[in-house]
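Could you put the whole structure together from the sequences, leaning on the hints where they help?
One letter stands for each residue in the lines below.
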Amino acid sequence: MTAYFFSDTAALTGRTLRHVTRSMDTIITTAITPVAMMLMFVYVFGGAIDTGSVSYVNYMLPGILLMTIASGISYTAFRLFTDVKSGIFERFQSMPIARSGVLWAHVITSLVANLIALVLVVCVAVLMGFRSGAGVSAWLAVAGVLLLFTLALTWLAVIPGLSASSVEGAGAFAYPLIFLPFVSSAFVPTKTMPGPVRWFAEHQPVTSIVNTIRNLFAQQPVGDDIWTALAWCVGILVVAYILAMAAYRRKIA
Amino acid sequence: MTAQPIASPAIHVQGLRKSYGKHEVLRSVDFDVVPGSIFALLGSNGAGKTTTVRILATLLKADAGAASVNGFDVATQPANVRESISLTGQFAAVDEILSGRENLALVARLRHVEDPDAIADDLLRRFSLNEAGARRVSTYSGGMRRRLDIAMSLIGSAPVIYLDEPTAGLDPEARIEVWDAVKELTRYGTTVLLTTQYLDEAEQLADRIAILHQGRIIVNGTLAELKQLFPPAKVEYVEKQPSLEEIFLAVIGGGDKCDADGTTTGGRG
Chain A
1 MTAYFFSDTA
11 ALTGRTLRHV
21 TRSMDTIITT
31 AITPVAMMLM
41 FVYVFGGAID
51 TGSVSYVNYM
61 LPGILLMTIA
71 SGISYTAFRL
81 FTDVKSGIFE
91 RFQSMPIARS
101 GVLWAHVITS
111 LVANLIALVL
121 VVCVAVLMGF
131 RSGAGVSAWL
141 AVAGVLLLFT
151 LALTWLAVIP
161 GLSASSVEGA
171 GAFAYPLIFL
181 PFVSSAFVPT
191 KTMPGPVRWF
201 AEHQPVTSIV
211 NTIRNLFAQQ
221 PVGDDIWTAL
231 AWCVGILVVA
241 YILAMAAYRR
251 KIA
Chain B
1 MTAQPIASPA
11 IHVQGLRKSY
21 GKHEVLRSVD
31 FDVVPGSIFA
41 LLGSNGAGKT
51 TTVRILATLL
61 KADAGAASVN
71 GFDVATQPAN
81 VRESISLTGQ
91 FAAVDEILSG
101 RENLALVARL
111 RHVEDPDAIA
121 DDLLRRFSLN
131 EAGARRVSTY
141 SGGMRRRLDI
151 AMSLIGSAPV
161 IYLDEPTAGL
171 DPEARIEVWD
181 AVKELTRYGT
191 TVLLTTQYLD
201 EAEQLADRIA
211 ILHQGRIIVN
221 GTLAELKQLF
231 PPAKVEYVEK
241 QPSLEEIFLA
251 VIGGGDKCDA
261 DGTTTGGRG
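So the protein sequences, as listed, match chains A and B. The opening residue of the first sequence carries number 1 in full-length UniProt numbering; numbering runs sequentially from there. The opening residue of the second sequence carries number 1 in full-length UniProt numbering; numbering runs sequentially from there.
Calculated directly from the structure, the hints in this document are not laboratory data. Among the hints, erroneous ones may be present.
Unchecked claim - Under the rule of at most 25 Å between Cα atoms (straight-line distance), these lysine-lysine pairs were calculated in the DSS-like manner:
| hint | chain 1 | residue 1 | chain 2 | residue 2 |
| --- | --- | --- | --- | --- |
| 1 | A | K85 | B | K183 |
| 2 | B | K240 | B | K227 |
| 3 | A | K251 | B | K227 |
| 4 | A | K251 | A | K85 |
| 5 | A | K251 | B | K22 |
| 6 | B | K227 | B | K183 |
All figures in this text were calculated on a predicted structure; none of them were measured in a lab.
Structure follows, in structure tokens:
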């Protein structure tokens with residue numbers, strides 16, 4: 001049975017990917033909030049924020065990308081929740097298949113859907129004047145960090161997807177994540193914030209990830225930030241995966 | 001009332017119990033299903049029908065008792081049980097966003113049968129869904145959706161099929177479509193466990209009927225046996241008025257189907 005893990009997961013992933021490609025509006029709505037934020041900050045507030053020699057669109061794009069992922073994974077929770085509610089989740093679980101493939105299909109689809117949304121946002125940023133001299137390896141490093149962050153948040157999204165009792169509940173967990181970049185180095189330098197806020201901003205996961213991506217784009221050394229960023233991503237991933245599997249076992253027991 | 005001894009039942013359920021907190025849903029359920037027969041589990045809402053099916057489909061663990069399907073124990077050999085069964089859900093668990101053909105091909109892929117697309121086409125034809133095959137399921141009528149659901153459960157030729165309330169919420173015409181689809185199943189020697197709250201559905205389809213009430217099987221027998229439990233039939237002369245269902249079917253042009261069904265029932269009963 002587990003011999004079929006890959007082919008079963010592939011078949012199920014094909015299904016969930018069709019859900020994405022047949023409702024491209026979910027990709028658009030994933031990208032629309034971050035794009036609107038980007039327009040607001042660059043053309044309204046940006047002039048008042050001192051980011052030194054860096055152009056403001058370059059400065060804030062990393063935070064916007066994390067915001068895109070946070071809003072994208074709420075659709076992952078939504079798609080999984082719909083499967084559970086409609087009964088198709090149980091149909092799959094009653095079939096002689098690699099049962100965890102149902103979850104992996106949603107996880108892979110989440111990665112693909114978020115990647116499309118991220119590309120879309122980067123394209124808009126380029127139109128707004130974002131420029132980077134980063135080479136292929138730096139871009140790959142950025143993509144790697146973003147994918148790892150998406151994977152971590154996707155497993156987090158699996159938890160409400162499996163256990164929420166309403167559609168609203170399944171999507172609502174993403175809101176705090178979407179706003180987390182505001183209290184970080186994503187939009188304004190943390191040194192302008194008052195003591196406790198500054199402490200929080202400097203020690204929450206978004207700041208280290210934002211700083212890493214910003215430095216990669218600016219061809220600056222990433223320093224210790226990249227290790228802090230990776231530690232946060234892997235830490236969230238491990239905890240979320242354990243909790244998601246616990247929720248999954250409760251569901252199928 | 002008790003059945004003749006059965007060598008190896010397709011489904012064997014003994015002393016099955018399940019509670020949710022203090023609420024006892026099943027309080028010792030026993031029944032056997034003969035291979036190749038249609039067995040109806042009849043009961044009102046909340047009688048425990050769906051709970052029984054979920055346990056037999058390895059989706060839920062029983063608190064006590066034993067159940068086996070096709071000779072495999074549901075608690076200790078769940079993988080073998082899943083190889084032996086096909087579940088059609090109460091709420092027609094088909095994918096709304098995919099087309100009918102894609103739904104069938106997906107199940108065929110997951111059941112690892114050869115040439116999934118050919119199987120999908122064949123089933124679309126057999127269940128008169130040919131023209132709708134390329135359309136998204138969200139555009140289907142309730143009856144079409146349920147027929148697709150049943151067609152999906154045929155893929156992989158599982159020896160045992162569970163039909164959990166196959167006609168709940170359907171209009172009379174669609175109900176007859178689904179009944180025809182269920183009768184189609186038995187032509188291939190499939191064992192069917194049917195749950196329903198409609199008496200006439202059990203009467204139409206089942207070889208054996210068990211009535212589940214408050215978590216226990218209170219009656220189990222063939223329709224003829226069940227009829228013997230009641231006082232002998234009296235002969236009365238009553239003018240035969242068409243029922244509203246007959247009028248409805250005649251007006252919308254489903255009359256032929258209705259007649260055909262009437263004959264089959266006559267043959268059966």
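Regarding the pair B:K240 and B:K227, is the alpha-carbon distance no greater than 25 Å?
-> Between B:K240 and B:K227 the Cα gap is close to 22 Å, so the pair holds against 25 Å.
Pairwise hint evaluation, B:K22 against A:K251, where the allowed Cα distance is 25 Å at most = holds, 20 Å
B:K227 paired with B:K183 [C-alpha distance capped at 25 Å] = This hinted pair holds, its Cα atoms lying about 23 Å apart.
Pair hint A:K85 and B:K183, alpha-carbon separation not exceeding 25 Å | violated, 29 Å
Assess, step by step, whether the Cα of A:K251 is no farther than 25 Å from the Cα of A:K85, and give holds or violated.
-> Holds, at roughly 12 Å.
Pair hint outcome, A:K251 versus B:K227 [Cα-Cα no greater than 25 Å] = violated, 42 Å
Hint compliance for this structure: hints 1, 3 are not met, and every other hint is.
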